[in-house]
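There are 6 protein chains.
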Amino acid sequence: MYTVTVRDHFMIAHSFKGEAFGPAQRLHGATYVVDLEFCRAGLDTDGMVVDIGRAGDVLRAVLGALNYRNLDEEPAFAGRNTTTEVLARAVFDRIVAAIGDGRLGPGARAIESVRVTLHESHVASASFEGRVSAEP
Amino acid sequence: MYTVTVRDHFMIAHSFKGEAFGPAQRLHGATYVVDLEFCRAGLDTDGMVVDIGRAGDVLRAVLGALNYRNLDEEPAFAGRNTTTEVLARAVFDRIVAAIGDGRLGPGARAIESVRVTLHESHVASASFEGRVSAEP
Amino acid sequence: MYTVTVRDHFMIAHSFKGEAFGPAQRLHGATYVVDLEFCRAGLDTDGMVVDIGRAGDVLRAVLGALNYRNLDEEPAFAGRNTTTEVLARAVFDRIVAAIGDGRLGPGARAIESVRVTLHESHVASASFEGRVSAEP
Amino acid sequence: MYTVTVRDHFMIAHSFKGEAFGPAQRLHGATYVVDLEFCRAGLDTDGMVVDIGRAGDVLRAVLGALNYRNLDEEPAFAGRNTTTEVLARAVFDRIVAAIGDGRLGPGARAIESVRVTLHESHVASASFEGRVSAEP
Amino acid sequence: MYTVTVRDHFMIAHSFKGEAFGPAQRLHGATYVVDLEFCRAGLDTDGMVVDIGRAGDVLRAVLGALNYRNLDEEPAFAGRNTTTEVLARAVFDRIVAAIGDGRLGPGARAIESVRVTLHESHVASASFEGRVSAEP
Amino acid sequence: MYTVTVRDHFMIAHSFKGEAFGPAQRLHGATYVVDLEFCRAGLDTDGMVVDIGRAGDVLRAVLGALNYRNLDEEPAFAGRNTTTEVLARAVFDRIVAAIGDGRLGPGARAIESVRVTLHESHVASASFEGRVSAEP
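Residue numbers (this note's numbering), protein chains in the order written: chain A, 1 to 136; chain B, 1 to 136; chain C, 1 to 136; chain D, 1 to 136; chain E, 1 to 136; chain F, 1 to 136.
In short, the hints are calculated from the structure, not lab data.
Hints may be right or wrong, so weigh each one.
Unchecked claim - With a straight-line Cα cutoff of 30 angstroms, these simulated DSSO-like cross-link-like pairs (lysine-lysine) come out:
| id | chain 1 | residue 1 | chain 2 | residue 2 |
| --- | --- | --- | --- | --- |
| 1 | D | 17 | E | 17 |
| 2 | B | 17 | F | 17 |
| 3 | A | 17 | C | 17 |
Stated by the list, open to error - Not close to chain D: a few residues of chain A, all C-beta gaps over 10 angstroms, as computed:
| id | residue |
| --- | --- |
| 4 | 19 |
| 5 | 63 |
| 6 | 67 |
| 7 | 78 |
| 8 | 86 |
| 9 | 94 |
| 10 | 120 |
Given the structure is predicted, the values throughout are model-derived calculations rather than measurements.
Positions of the beta carbon are idealized from the N, C-alpha and C atoms, including for glycine.
Extracted from the complex, chain A is given alone in its bound form (with noise of 0.2 angstroms):
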């Protein structure tokens, strides 16, 4: 099983609701490092996974919808928390729609899996992984 990954960040503020977010509850903010891997049993006939050109552009753009917002006023998390997972795995969704649209290639529809690590401190992350169905 081959893996291609590409590294990025956003920005964002947001606050959650709950006590068990104790200070969290507060409006705050965090750097997002991301990094976004991409996998399947073989490779195509450059050789790649995936083009990696296109890949850091989709995830730049899908990174780029969410930098420097106030998530609390996104309409996409209303009413939802945006933990580090909330926002892992939508990072994977619009990743898989970039799949879907073919904004990765035609070759990239060979894609088994995606994962999406986000990175909020030094201390801390969380991901999401899941498989990419063939039919959009």
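Let chain A serve as the given structure and place chains B, C, D, E and F on it in line with the hints.
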């Protein structure tokens, strides 16, 4: 599948028995930087894999019971080499016990697997990963 | 010249005023991973630059007063952009005050300079370094 | 499941064929920082996944056969793009051959899978992971 | 004294002349992860050492002129070994020229010194640090 | 000013005397990841600060004399606390002696200063920096 990871460290002395260990048969020591990963299919009602504050506290407590010690004199490891692999397993077992005891909260019982990685230097690490049995 | 460095982090929301900041004029946030360096020519009688336990406690207390906050509402920064540079200086000032107050122990008065580095992502950081005046 | 990881690096020149590679079609080069992971269900009688000294020696030897070379002139890669993915697989194949030859010791035959990750920069990496067949 | 640091990378092929280089006399290559530090005593009216967006753009442009090239064929380095030290100096000179040309904005003329560090692997790096003359 | 840095590590046991050390008064241990920096104004005729191969060999030899040892039993440290600061200074002194002995080559006598940093964990380090006297 969701994963949350927290990091902490501990510092110990020990020695190894067996020619394979060469100069590491002498009394020496190590800093272990520990990555603790919790894995489960869904999130709790707060949108979390595990309460990350509790996770950090439990990891600190488990490592605190090993920290600043000579493992050659610890009854828990009598007659065994405390290799990085063995220590990763020992930390895993104690984290799983903490989940079973409810020290990570009732929601943590939904955790399906745990992975413990010990980084012993910038060029070497070891880990143990296993399932968390639902019935403690 | 000896240096000791300790690391911790804090997470805040803020916005910037000025066209130079582009989309960062919107309310967003950041995780800052902080490296705090203490520098002096000699060591104390224990062989230390500073009691590293106290150093970590003081850093945690200083960052705790900023952590999980919206800096746009903090009186200490009223009318100023809380750029990474400005925050590095603010942490520096508070650490120097802590040295003066004896919170790092009497030996810490021999510290000659302090450097505070804030890493805002895997690709950007800022720092402030200055001398610690012997007379508080 | 236990894993042990060792790290080393190599530095090569190469070029790629195919429009997808853009400017990387020109002769250029890379440093690859390599993480080699060995995985097995149990430990040997010394408490190890693999003799970590031997593992480091074998990794150095395998990378030494690639280090300081122009891969465009290496017969092993004739007619192929030496992408990070292809090189991860090549290192994997040579490590598996070393296990089969006994160069990692007789106990290493219990290794079930191997993963090779090549970090080509601070923002990109590729890996190949596969099972080690018991019958060489 | 304030410092701001931005990071990027470039990938090149080259060879060295001289017995001291051993196997590195062969054509090989490297990834250089570059840390560019700007240093000045005060901040501009926005609270910055330098416009970090412009800093990143200038660094990308400077490294882009070296990226994906065989340095043995670059006239700028004719007759010289492109060691990591020499390349750090070359990047420094080009950054200083960019400051003089106003490509980092008018405020950047207050920058007093610049440091360029090239990381060639996880275990080796080189840097050049020098003052920026006020008169271009 | 040019700097070249090489990295290696060593693993030791020790204990500290003095109430300030709390639980670190017990026998424990540490991994120290060591960054060794050489600094000089100009380059040698090969374009180097120091022969990086020799630098790595000398660092390995110096750390090898400390590696896998209980520093409480080393005569070189009798009656002293082997804090990270003290060990950084000890490595510095041995590197300076190696320069004086010509073990880094004749060109290395132009090195003006050396800095040794010991990382004891992901959150703490200490360093010693000093000038290298031209007359050994």
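Hints versus structure:
no. : hint        : verdict
1   : D:17 - E:17 : 29 angstroms, holds
2   : B:17 - F:17 : 29 angstroms, holds
3   : A:17 - C:17 : 29 angstroms, holds
4   : 19          : 37 angstroms, holds
5   : 63          : 13 angstroms, holds
6   : 67          : 16 angstroms, holds
7   : 78          : 32 angstroms, holds
8   : 86          : 24 angstroms, holds
9   : 94          : 19 angstroms, holds
10  : 120         : 18 angstroms, holds
The structure shown violates none of the earlier numbered hints.
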